[in-house]
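*Asks:* If you want the building blocks of each chain, they are given just below.
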Amino acid sequence: MNETLDPATVVSASSMRSPDTVMRLARLGAFHQCRLSFMRTLLRRLKREDWQFDRPKFHINELGVGTAVYSAEGPDRTYSLVCFGHDLLPEQRSDRVIADAWDATFALFDGVPSEGDIERLSHNVPLQEAGRVTQRELCLSRANRSARLFDYVVDCLADGKQPDKGKIDAVGYLMRTTAVYGSGKFGAADREVIADRKELAGPFQAEMLTVFLIRAFVLDLVEHMAHARAPKTAAPLDRGLRRRFGVGNSTGLGLAPFIINHPVLLNNWIAAREVALACVRALRSVTPAEIKVFKQMLARARVNADNWKSEHPLQVKKLGSLRADFEKLETHISAQSFDAEKPWDDLYQWAEEHLSFEGQEQLVSLLLEPYGELVDGIVSCMGADESAAFNIDGAMSINQLKEIIEDVYGWALPIDWQQAENQARVWYVSEEKLEPRLGERFQEPVEPYEQPLAPGRDASALYKDIEDWSGENTVAAFVLRHPQHRHMVRRAQITAKYPYAEIRDNTISSALLPIDLLRCKLSFFGATHFDPRSDRWVRINMFKDAPFPNELSDSNADDWSYPLLAES
Amino acid sequence: MTIFSLNEVEVMAKRATRGAGYEWGIAEEAGKAIRWLCSFDLNGCEALAQLLKSVEHSSFLDMRPTKMDGVWTSNSGVMCPLLAGSTLSDFAFKLKENPVSMGKTLQPKILIPFVAAGAYQLQSVVTLSWGNLIIVTNGDDVCVSGDHEGLSPLHIDNITLSLSGHTSQNLPLSSRIEVPKDTWDTLNMFAHQVYAPATEESRLLGAGEPIEN
Chain U
1 MNETLDPATV
11 VSASSMRSPD
21 TVMRLARLGA
31 FHQCRLSFMR
41 TLLRRLKRED
51 WQFDRPKFHI
61 NELGVGTAVY
71 SAEGPDRTYS
81 LVCFGHDLLP
91 EQRSDRVIAD
101 AWDATFALFD
111 GVPSEGDIER
121 LSHNVPLQEA
131 GRVTQRELCL
141 SRANRSARLF
151 DYVVDCLADG
161 KQPDKGKIDA
171 VGYLMRTTAV
181 YGSGKFGAAD
191 REVIADRKEL
201 AGPFQAEMLT
211 VFLIRAFVLD
221 LVEHMAHARA
231 PKTAAPLDRG
241 LRRRFGVGNS
251 TGLGLAPFII
261 NHPVLLNNWI
271 AAREVALACV
281 RALRSVTPAE
291 IKVFKQMLAR
301 ARVNADNWKS
311 EHPLQVKKLG
321 SLRADFEKLE
331 THISAQSFDA
341 EKPWDDLYQW
351 AEEHLSFEGQ
361 EQLVSLLLEP
371 YGELVDGIVS
381 CMGADESAAF
391 NIDGAMSINQ
401 LKEIIEDVYG
411 WALPIDWQQA
421 ENQARVWYVS
431 EEKLEPRLGE
441 RFQEPVEPYE
451 QPLAPGRDAS
461 ALYKDIEDWS
471 GENTVAAFVL
481 RHPQHRHMVR
491 RAQITAKYPY
501 AEIRDNTISS
511 ALLPIDLLRC
521 KLSFFGATHF
531 DPRSDRWVRI
541 NMFKDAPFPN
551 ELSDSNADDW
561 SYPLLAES
Chain F
1001 MTIFSLNEVE
1011 VMAKRATRGA
1021 GYEWGIAEEA
1031 GKAIRWLCSF
1041 DLNGCEALAQ
1051 LLKSVEHSSF
1061 LDMRPTKMDG
1071 VWTSNSGVMC
1081 PLLAGSTLSD
1091 FAFKLKENPV
1101 SMGKTLQPKI
1111 LIPFVAAGAY
1121 QLQSVVTLSW
1131 GNLIIVTNGD
1141 DVCVSGDHEG
1151 LSPLHIDNIT
1161 LSLSGHTSQN
1171 LPLSSRIEVP
1181 KDTWDTLNMF
1191 AHQVYAPATE
1201 ESRLLGAGEP
1211 IEN
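First to last, the protein sequences are chains U and F.
Numbers 1 to 568, taken from the numbering used here, label the letters of the first sequence in order.
Numbers 1001 to 1213, taken from the numbering used here, label the letters of the second sequence in order.
Calculated directly from the structure, the hints in this document are not laboratory data.
Treat the hints with care, since some could be wrong.
[To be verified] Capping the alpha-carbon separation at 20 Å, the derived lysine-lysine pairs in PhoX-like fashion look like this:
1. Lys185(U) with Lys1181(F)
2. Lys185(U) with Lys1032(F)
3. Lys47(U) with Lys292(U)
4. Lys292(U) with Lys342(U)
5. Lys1096(F) with Lys1053(F)
6. Lys342(U) with Lys185(U)
Make a model of the complete structure from these sequences and hints.
*Replies:* Below you can see the structure in the form of structure tokens.
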């Protein structure tokens, strides 16, 4: 935990929001980024440790085809992004897992790659899932150009002009990644290989570093292509405009099961945020400086919400709620003196009563902003060793297991799981490139392939079979007789130790919105604009407005999540 | 031979075990168990591939331990190490009372990670032996004395476990594993049963084609 935590603000467990409150899909699907997010954690570290960045190779032609290497040197190690640019036909371009060609492909190399490494990677990285990488590669990724913006920007720069700010902001990125693989996939290094390195121990730090360097490549790429096409007239991007480009990310169902399949990790992310919130709410008084930071971030977050665009009806509705919430929040705050004891706690409780989940969770994130010294250290608690909680505790009594189920899955027990709408969906994996999909149980023949992603239903089934067992009996004896419940018994036991491990909502209902699962995870990444493209695809923008690697040393590394107020 | 990461081994072992017809709970445990074996360079994939082939047309319920007083046995007279292993881990507390003897078990090597899990839970050292082999584990480390060839029989008739021993000359850890092509192909064949066939409808509906820009 954070060593600078003032003992006066030590928090008891009872002052944290209960899992019944937090772990609902509608609320998780309204999460906002905060200072504990992984992108911000990365940049704070890169600046604090004065990482050095270089571009030892850039052999790219006027079409954007070729090879480049970007290096990031930290106090202990160097990491290199190896980039391959390709000539992709527009009709080949797809964000789907089933795509087999991309505009650019990448690998994050552990160290400095030799020419032999680059040669090896050139035969595999462009193939992505169809190739193999080695333990020297930590991440594998690919990105596609924005059809709306990429050529437009190259054309402008080639003519010596700057692209229009409005057109930039309408899209926000030149390229979007469609996967960032780590953790041993396709032969890459397992998580365990890097888990003890302080710079990569935090969740998704290798992936965030990969995307941060991809951004540098993409911006260099458009400037280079413009210059290669028209060396006499081409201009580089204005520094201010350059920062407006993030790296888009297109996320679908591949990510959705993650927070269900990693219960300890999910618990640790949520618990960190909840502890941070409880710490801030417990503060007896606030200083004028802290109020000022809060109010500034509130105003900036409001601009962010005003700038947030989406055409999807679900998101349009949420944005309506969020904007209305800002109106109410600003009105309420303008009448506050912050003199009472525990003013942040008062504010949060007011928000719970008067704002939608969007506004409530936006406020949660904002409350943390003035308190970096108090809460930033908690990011060290956001990793997890899922294997430590994996083994079933056979010695547990049936009574104890029953109590856990009633406590954690009480919401699921009264549901009639035989009703069609309650079991409408089936999570499955297609043999087509092993793409994760969500099917309709009663319309498609996919039930035999169902993945175990319905803990509510499974807990209910477990409870029915356990009802006849006497309380003193052991869990070991029960699962010996009922092996079909092993998966669920394990989950239930995990939740007893990790209270935020389980989503307390039906994940196979006809009303399920997979984008709620995606938004929860992506908010922890640090995303600020979620743009659903359906109920199961989301576009986000990563590192938009952040400094570039070579700007970190003379910029604030952690002040980019929301637009500056000076801008319109 | 291809070199695989331990994560790839775990995912394949889990899917192959499920594809062979085991429940998801056992499949997950198989993933972890085979990964554990591979992390000590103990050819876990080969053991699993052999096991799944040999139980292919059997009834799993008849291969789990049903008699646990005296020598553990199953209804069919031969035990599956995934089912026996998970039971051993669940009932690890029994080792505090008495040593455990087990009857005929397929691919006994697969028991070792489950015994390690039990040792970890008990915060103790467990010794597992069959034939001329003695395997000692405290949950984190494992050492093997005797002929390593004896680790990989198709089945063994007699196994004993007790809370005893100490680990020394522990097996080194490996962060990846080479797996023969035919072994991986066998596992893949079983894993394939987990995947839904690709259909045009599934492609259109299941992932929701995003709107391109």
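*Asks:* Hints first: check each against the structure and report whether it holds.
*Replies:* Now for the hints, and whether the structure bears them out:
{"no.": "1", "hint": "Lys185(U) with Lys1181(F)", "in the structure": "holds (18 Å)"}
{"no.": "2", "hint": "Lys185(U) with Lys1032(F)", "in the structure": "holds (16 Å)"}
{"no.": "3", "hint": "Lys47(U) with Lys292(U)", "in the structure": "violated (25 Å)"}
{"no.": "4", "hint": "Lys292(U) with Lys342(U)", "in the structure": "holds (17 Å)"}
{"no.": "5", "hint": "Lys1096(F) with Lys1053(F)", "in the structure": "violated (35 Å)"}
{"no.": "6", "hint": "Lys342(U) with Lys185(U)", "in the structure": "violated (48 Å)"}
Checked against the numbered hints given earlier, this structure breaks hints 3, 5, 6; the rest are met.
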